[in-house]
Amino acid sequence: MSAAIGATPEAVDVVVIGTGAGGAPLLAELARAGVRVVALEAGRAWDPRDFVADELAADPIYWLSERLSGGATPEAFGGNNSGIGVGGSTLHWGAFTPRADARDLRMAAEGGEDWPFGLDELTPLYETVEAVIGVSGPREYPWDADRRYRLPPVALNAPAQVMQRGCDALGIRHATSPAAVLTADRVEPDGFTRQACISCGHCHQGCRNDAKASTANTWLRIATAHGAEIRDGCMVIDLVRDSSGRISDVVYLRDGVRYRQACGQVFVCAGAVETPRLLLHTGLANSSGQVGRNYMAHVATQVWGIFDDEMRMNKGYPSALITEDFVRPDDADFAGGYLIQSLGVLPVTWANMLSRGGVRGAALVDLLSRYNHAAGIGINGETLPHDDNVLVLSDETDESGMARPLIRFSYHDNERALDAHATKVMRAIWQQAGASDIQVLPRVAHTIGTCRMGRSGDRNVVDPAGRSFDIDNLWICDNSVFPSALAANPALTIMALSLRTARAFLAAR
Amino acid sequence: MTENLIGLHGLGGDSTAWASLDRDAGGGLHVEGIDLPGFGSAAPLGRRDVAAMRDHVIDALSGRARFWLMGQSMGAKIALAVARAAQDGDARLAGLQGLVLLAGSPPAPEPIDAQAREDMLGWFRGHPDDSRAQAEQFVDANSAGPLPEAERAAAVAAVLRSHPEAWWAWLAAGLEEDWRERIGRLDVPALVVAGDEDGALGPQAQAEHMLPHLPNARFVVLRGAAHLLHLERSAVLAQVIGAWMAEFEAAPIAMPADRRDFRALIDGVRVSAGTRAVLQARVQAEPPPAPEAMAACLEAVAGWCLPGVAAEGLVRAAVAACEGGGDGWRFAILPPDAQAWREGVAALDRRAGGALAGLDARARDRLLDEIASGDVAVSREAAFVADVQAALARLHVARPQQMAEMGYDGPAYGGDTPRLPGFAPVGIGVVEPWEPPAGSVWR
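Chains A and B are the protein sequences, given in the same order.
Counted from 1, the first sequence has number 321 at position 321 by the UniProt record's numbering; the numbering is strictly sequential.
Counted from 1, the second sequence has number 138 at position 138 by the UniProt record's numbering; the numbering is strictly sequential.
In isolation and in its complexed conformation, chain B is listed as follows (with noise of 0.2 Å):
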């Protein structure tokens, strides 16, 4: 299916500004234009104000049974007003898909430079070729590099084509009219693309001004581009454009029903595939028993910093990681982890007068706490208790068992679609209807 895409030209545009991005659109877009009044072939109006301009428009497109509506600058404050009407039930803008707004002036005032404008203002008011001088200077102010040659000719002609009166009345109104109470919030899908080197409508001004109103917006920056995007970067444009009508087609990301059964949101289209096998892995992992003594001191060590936690699977997989490749750095005062751990139960059971795990609850306690009391930099029975308590409590909590009972479903932000979902919105008290609480289960 051929997409049309109806473009609204910004200042000083006309309907041909269109004609790069409809080239490198390919097939599947067809790009066209409306001349707004005053510009182009389209004669000025009496009212030049931005609710004729949208009149102007409702009237060509009646009629279209499936567009999508473009308005670059000052054409995407008159493309929101006319979704406005649609949104409000206009029945001949019923075929209305979605807004693309390329630097687009938003309804607030536009945040224009005052000095810029007042220069603007007074062109067009002298001898021929100082108008083709200021039509050329707008072209390349409005660039971040120079346009290719074809292009510039043609926006300049199509600057020096604009009714003068047309040019003042944006200029001395039309940009300040303030649209934000009557614009609201729009429901339409709409796809918002800022130049990085914008002056007044980069992408600050994009999301102060613009993006309020449209909370299905997508967001785009083009790098190292201005003003003119349809003309500096037609054919990324193009494909920015392809993609995003294309998205649409995408199914909905389906969420468990139950809240509290944590390994369906694993096992769900939020988690990768790459992170389910790892969270799956460590759940059924099953790492050889440790050496009997060395199980027991470290069980004990276990019970005095992690209290009421099953210790054996932990002591397990730590005593296995500290065989392993460690993570990067140790204590100078100790060996190699495998060596520091064999030597550390040894010394805390001799401590302990024997076997730490021989000790009731209370003098394991305080024996444990004057150790750890000592100064790691300094001690080595402080060092490797510091050690394994931190490998314990990491591994308690990289638990996907453990996550559930905290609640914590941070690997469910997206799993292997094009687009990851995220989180949104984020702040204080946020929670997602999907989300389970503290307290689920893994099971």
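For reference, chain A alone in the conformation it holds in the complex (with noise of 0.2 Å):
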């Protein structure tokens, strides 16, 4: 692809791709140690109060490049899990931050992989990330006796409450969900002031008062102050390699110029498509093969009803209820489990929900004209990685010349067994909380894997640092790297893990 050629600029020591949850923490952790680092981000800045309260018009936070969705339980991308801007993903998130489960991190005995670490590393880290985000929970967690929240929870919207009555009829646990949400205006020690949440339900199109932590008004603050560039609208292409096979320069687009910016280290931070993406379309780092193999989603199944009371479902913040009862039930036929969470969502992502999970016809059209009275829950569970679930490069390429990647990805026996056991849970709960109407809607949620963490480099992309076991100065870290899915939502787990990498690069100096 031809494009101009723009001025070369000045060398750094560092080069981040991607400003979401695996390139910002790390970011602002080189640069307060004074490493000169620069972040290339495929999408602009935002100022939060540009954000519009509308469904469709927040498209421009979601990465909308076409990717090609294949395998037996195709998955959607764009607005369900993959962002733009400074910021990435987080600026779409739903903020919902439990922690991983330490039997989540050992999956080789159930038929998974290991991570190769235990919880008791990760424990700190994620103390760290919950205080600089800010994280709302319980004062007490049922389901961990040693774990605070500084935060108070988040108010209880109409779903989250009748999902504790159904809870409470079968002798569920159930707490407020860790929210990564202020619940009082925050005042950090320079002034810069977030509100607090004011209940509008619109995480996911953007927060208008910083309410929701997202990498831009938290870690990438810390950078910028330290010294840190972020360069934003900046689409990286290539990595060039110099003599000895180590990366001297990023190749990236800028409005349709071309740039080099050369680098002592390259720590790509792209989200577990767009990364191995990368590393596919330069054929780097990936003598193990494993490059794009291990992809891992989570099962996403809803439940949904109508209540006879209005339920508002918009109102609130969106997922205030969750329980870890099932993270390993009793009567599991399968590997791993699934956290289970209130929902309330807007109009469009119903719609299309519904209509995706198969309801037509005048039940559809009767069902949206009851919006105010339907309320849902859902669950957030393991899928193990399979080796015909894999991300490779298709034949056509996209705007910027790279091929689009084709992401194949099916539920076998143990998705279908967790996804089985799920539903019939979540029914008899919305049952016992006077759900009508009661439909269950298929989805899948996340992208995990495709540059696995581990051991050894003849089964694994990276070490358990976050090092290419190939090219000693390039890096990964986002959910790429995860060797398991986590029945958790991964956003938090890809923070702490960019501390833990940050901090190894900078102990190896």
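Treat the hints as calculated values from the structure; they're not laboratory data.
Among these hints, one or two may not hold up.
[Claimed, not checked] Now the stretches of chain A that chain B is said to cover, found in silico as 3 or more residues with beta-carbon under 8 Å:
# : region
1 : 305 to 311
2 : 348 to 359
[Unchecked claim] Some chain B residues judged to face chain A by a derived CB distance under 8 Å, without partners named:
#  : residue
3  : Val220
4  : Leu222
5  : Val240
6  : Thr275
7  : Phe331
8  : Ala386
9  : His396
10 : Pro425
Ideal Cβ positions, reconstructed from N, Cα and C, are used throughout, including at glycine.
Take each chain as given, in its own frame, and dock them per the hints.
Encoded structure:
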């Protein structure tokens, strides 16, 4: 592809590709340690006040360059899981921040993969991340006696309250969800203020008062205060190696102009689709043949129902109630487990879910007209790595000249068994909660795996610190390095890994 | 106008505690303090309970025309008791404008760590050197990072000036006094401030024990600060207090009188200019007509999946969208959207034996039901029909006219004011007085 050549920017110590949950914490850590670092972000920077309270108009914060979705259980991308802009997917994330369960890091005995370290290493990192981004939650967490949340819990909205009712009837424990959403105005030492959550329910369209943590209103502020540069609108299309095989330059397009940024080290933090795509495109760091393999997601089935009382489920933090009682159900006939959360969604998302779930005709029109009486409940469940769940390059190219990614994803017996168990439980909760017109809607969420972290270079792409086994100045930090999917939503763990990778890098300098 | 803010210090403090806050507050805010009995230059009283301290403060305040009352830690509990007297009509307190409560000890028995309390009850009973070390330990343990040296020295000196009997009395009894029923709910505006590094009186404790008494509170957390907020963060705190006082000038948000008039809601101050522009453009949009055969086929699909919904405009918008940027993914078995839709329409018409639109509703629904029962991962026709239905359903509920019909007022959480009103409270059956019901109209 031909493009004008831009002036060569000054060489830096480190280039970080991506400013989401993987790139931003380490950017802050490196800048604070005095490393000269620049972040290249494909999207633009935002003033939160410019976000629009409309689902269709939120498109600019989703990664909309088309991906091909194959396999027997094709996954939706775009607004379902992939963001763009300074802040990455944390501009639109749900800010739902459970920690990983220790058992989910030890999946080998259950037919999955072990992480190369245990929860004891992650816990202090979680505590740091939670303090920096501001996580609210119950003062005491029913499934972890040692855990404390500093900020008081969010208000329970109607879907959370009906889920409480259903869980109580069945003896299922529940708690207000841990959420990276401020429940008070929070003032930084420099006076920067994020306002308290106003229960607007538009987390996925971008938070207009900074109550929800994004990397832009947390880590990236720290990074730039310590001298990091964030260069927006930069789509990385190549990594150049020197004669020794190390990365010497990162090549990117900005406004159609091609630039070459010389650097000492590269951190690829572009997520579990764009990271392997760039490595497959450049042919780098793949002596193991594992780049793009072990693609995982989450079983994210939802159950919906109609209630006599008004729910107005658009109001409130959308996923305000959680139960972790099913992380390892006693009667499980599958590996791993799942979290359940209450769900309030906005109309376009709901109409899409119902449609994709096969509701149509008069039933669909009727349900949509009763939006104000609807509430949902959903899971986040483990998926195991399978040989046929892979990301490869398609034979179609996109606007940057790179091949579009093709993701093949299929449920196997384990995912089907987990899904069946969860569906039964959720139906029971919703029946006890008083729902009518119960609908079970299949959904797949998140993007995980493709550049696995592990101890040996023959079956993994990066070592336990996140460094490539093949190229010693290439690092990866995002959800692509996860050895297993975890029942917990990924972003909090990605941020913890980002601090861990940064500290390993700084210690090895 | 200069506002007067009167500070009530915490345990071991005195009126000198407010010097740095007064310095940082600038001209618009004057901060001064009252020494509580047994602290600073105030002699201890025979009675050392909360009520005695309250009466001492009321005496000191009486006659002030207009003032704001601030309390830190122990001082906050006294301030609450004063505010209760004001709400009960004590004429000497008519000038009270609002409360500022810093890491406040709540009306309930304070959730202090039992061991820390036990230790501190044993202090100031030995050698002066020990007392100094204890005072330093107290100041250091209550700040998250090192205080500026001058502030630290002043705070330690204040602890050492405290009358030990007053110190012990608070720890032994004052913080245990249960004022929950006496304080009740105070209508006075309040600014509740906590440090997120505070052990016993941090944000969780304030939310649990303080905020329920103060329905008109603003809640602020100072990141990286502990308990001595006025010393740790005087500059930031001065800004926070000044901004909070200034907000009382802001006009309330006006609501349309007619709850069914959805357009008036969207045109009003509860919706941002950016959102309003998007919604108005959607109402007024006139996408070009789709090619006739395509439009007829897709309107037939709409008649199947969204019966009774006016389809022509939806189909136009959907066709325009499929020729645009897409939504970030597509089924791998399908070509790019524009091509997929052309081919998909042709395939449906073929399956209908000519034109889908030519079938009667029963035959149309039977055919589309059969196609839609196929596997979207395998059948191109099934994948296409699924895409069309999802596109039409999304566009249907995105129309402001349909929002009005559903009574969905989500965009009205806030406009362009510095502070957005949001929705409060939330919960089962909660509908705010201004919210339109289902069946409202866009006109």
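Practice task
Tell me, in ascending order, the numbers of any earlier hints that this structure violates.
Solution key: none
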